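Add chain Z to chain P, keeping to what the hints say.
Line by line, the protein sequences give chains P and Z. For the first sequence, this note's numbering assigns the number 88 to the initial residue and increments by one for each residue that follows. For the second sequence, this note's numbering assigns the number 26 to the initial residue and increments by one for each residue that follows.
Do not take every clue at face value.
Okay, the calculated beta carbon distance ranges per label pair [claimed, not checked]: (1) Gln-93/P - Lys-100/Z: 48 to 56 Å; (2) Lys-236/P - Asp-52/Z: 55 to 63 Å; (3) Glu-194/P - Lys-253/Z: 36 to 44 Å.
Quick caveat, the hints were computed from the structure, so don't treat them as lab data. Being a predicted model, the structure only gives us computed values, none of them experimental. C-beta: ideal position from N, C-alpha, C; glycine also.
One-letter residues, chain by chain:
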Amino acid sequence: MQTEYQEMWRDLGLDLEAHAMLLDSLGAGYREVFSSQANRPRETAYLDFVMSEVHGLRIKELLEAKKAGRKVIGAFCVFVPEEIVLAADAILVGLCTGADFGLELVESTLPRTTCALIKSAFGFKLSRVCPYLEAADMVVGENTCDGKKKSYEILGGLVDNLYVMDLPQQKSALGRQLLAGEYRRFLTAVEKLSGVEITAGRLRRGIEIVNRKRRALERLSRLRAADPAPISGLDALLINQVAFYDDPERFTAAIEKLGDELEERIQKKISPFPAGTPRILVSGCPMAVPNWKLPRLVEQAGAVIVGEESCVGERGWRNLTGNDGETVEELLAAIVDRYYKIDCAIFTPNPEREEHIIELADRLQVNGIIHYSLQFCQPYTIESRPLKSRLSRLSGFREKGISLLNIETDYSMEDSGQLQTRIEAFIEMIDRR
Amino acid sequence: MLTIGIDIGSITTKIAVMDKNKLLFTDVIFTGYNAEKAWREILDKTLTRLSLKPAEADRLVATGYGRSCVDIADKKITEIMCHAAGARFFLPKTRGIIDIGGQDSKFISLREDGNVGDFVMNDKCSAGTGRFLEVMARALELDLDDFGKISLTAKNPAKISSMCTVFAESEVISLISKGEARENIIAGIHESIANRVISMMGRSATPESLVLTGGVAKNIGIKKALEKNLNHKIEVPDTAQVNGAIGAALLGQKLIS
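In isolation and in its complexed conformation, chain Z is listed as follows:
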């Protein structure tokens, strides 16, 4: 039973192919300005790579902000449900998921039976998201992929007090002009994202077995900052960036049974 999950995010589009409970394939491309073009492209590429005909996929589930434009999807499911399903595939006993994507961050808590018990998302604001990191990388003239590594060498993380992407960028620029070490600036940026996410999670107790997903999970500095400020260990699946697509493909398997 082959199912495909496509997760169309604001920055990247992800695909996952599952055969029953086995993950066969994943891929990531940039979404660009045309979400429809992006999903068609990644789907064609995937089918070619796996030498599959479109009819050989039993179910296709779309998720992410661009899900509504996938007209051939058997079902469109929000990324909240898909991230929950994906995280449980990775760590069956997980009770909490922090997902930080390009344009939003969310915290999902799962009940004991695995169903979503509650979730919170950031309001209309890009603070504490992947977009925020991109803006900061541009201000620092660095490749975002190097952010995590560099931040680990910081001795004194700088204080970034503004939660707003635009104001935080000017804070970063003034730190640069003051000659602050860039590893300290980057570590400060990670701290500010971690604090933003933690305040969104609210005062409820941090669940055991917490999973971090989404593209931002690739950044080791964010993971460390969250662990430090939560005083709690966090698991990051290797498939963190494609976790939503995996969840979509898994929910596709459920549609069959």
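Bound-form chain P, shown alone:
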């Protein structure tokens, strides 16, 4: 891979030396975390392939699509509607935000007390190591938390194609109106960028492609909830991560095939874990590639993660978009309806998220919940406290002994020993009951 794509990476303006370092550590990390797992489903070969070509073949595809006149749009958030992008025959990709890179450069640009996800996005840009960002014709920044919206002001000076999307902070009539206005504006901007007029037919086709992807992920969520779990939480997380990179139709086909295999494994009770393994729901901040730190510690400590209440997980794909509208306006309204339900912690108040966590914990029959927040992420760290006290008072949870462990961390490995102790103690605690 190194030699084959050198020229492509050079043409994209990547720093070849830094990029080679990144790929080396990504490859080594992947082998250590994923290939070492016992009894993986054979269809995870798809994941191995996608990950081995994540900066190679996939980028080549994007560049070929660009040559054929299609546009590439990069985004940092699940509030950017892929339906609209696909309707314009453009491609939506998630941008790299899952690893520390070029921290010295980042910390001379942003305050040190910025969350690891934002720092990562800047690290990839300042070090010139993200081919997705460099290949993008438009980079969408969205006004979610204060950290992101203020740092986009600085990112705007580093890239020449930043499009900032405003988002509501309250679920109210006015908030919904704001979202509708922003999606209308985004549709127009995508039309202008791509030169494609978005018709009702095109928009409906976009909605159908994205809905199929969501259905495949929803099926995966149902299947992995079996006891014993037919797939590790790490592999299931990776599927949710790959959903942001790969071609949506190819991804859907691969995950449907994997789903068939999981059905077979459930029947035969084949699992990477022994029967009776404690079951964990992870809830909180998104985990982008290659952020596998917490799930790795959890599964190494002898538990299995059966769900992610996260943007890279349930929060990202749940709820389908209605596709029975006749006009662009009607379909756009259905898109607004769907995205308006996202229970991101930027909303105040945000009771839907608590209800969803409780519903998930019950449906997935978990023994414990780990609340994961990135250090300095105010929305999620603040929500973690009332959540914990609510759960401890909730009847049903108390009797079943479902506890919540709060973890606040970043992408560095310096606290992994401490986290390991906490996670092991948490598992010892819920396992004894």
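Structure of chain Z alone, referenced to chain P:
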């Protein structure tokens, strides 16, 4: 039924030997840079002292941050479970444990049945730990063992506002240069650790029968500062420093039954 518990902490390594419910022996050595060397050394020493052959110990349980390197352990259990077991051995009705070790501090709450109900630990930071005290002792050119006694003579504890070990050290140095009495400085350091631990414990009600364990429990000043700020009595076992090792040995007894 002989069981051995070894607790490998960041600063010291502890051992406890139990015969059923009877505590036979405990010892403490410095961990140094090589955790594996430390546990082998303390184990050899203990077996020699008790004239035991390794095979005569029925179970060995390892705990503490260095537990993973004890390859001969029958089981590795986190210090949270071990401190809970050790504290209940000392005070069966205990419902809460404050453990302050070399690199972390934790609060463990126990349910009525004695099982761990919840726990919190400090984040990646040495504020409010034994390491914090060591740094301060160095700045004050005092022996850490004298800290507790000296602090009890303080009339006006100094205010140490920084929670960060590095910044608090410069605060202490500036207090020294201002001529602040050292007993007041030390008492201020103890107050700051106590407040750190109390804020970590959160707003939940302080349980009856609270136990303080870990090496820092040897410091009477910390106990007093915690009692004052919590407005609650705290028990400190004589075996506070080896409490985790005792708990590990006790959990070893459970492995047999």
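Q: Take the C-beta atom of Glu-194/P and the C-beta atom of Lys-253/Z, compute their distance, and say whether it sits inside 36 to 44 Å.
A: holds (40 Å)
**Q.** Cβ separation of Gln-93/P and Lys-100/Z, checked against the hinted range 48 to 56 Å
**A.** holds (51 Å)
Q. Would you say the C-beta atoms of Lys-236/P and Asp-52/Z sit inside 55 to 63 Å of each other?
A. The hint (55 to 63 Å, Cβ to Cβ) holds, given that Lys-236/P and Asp-52/Z are roughly 57 Å apart.
Every hint from the earlier list agrees with this structure, and none is contradicted.
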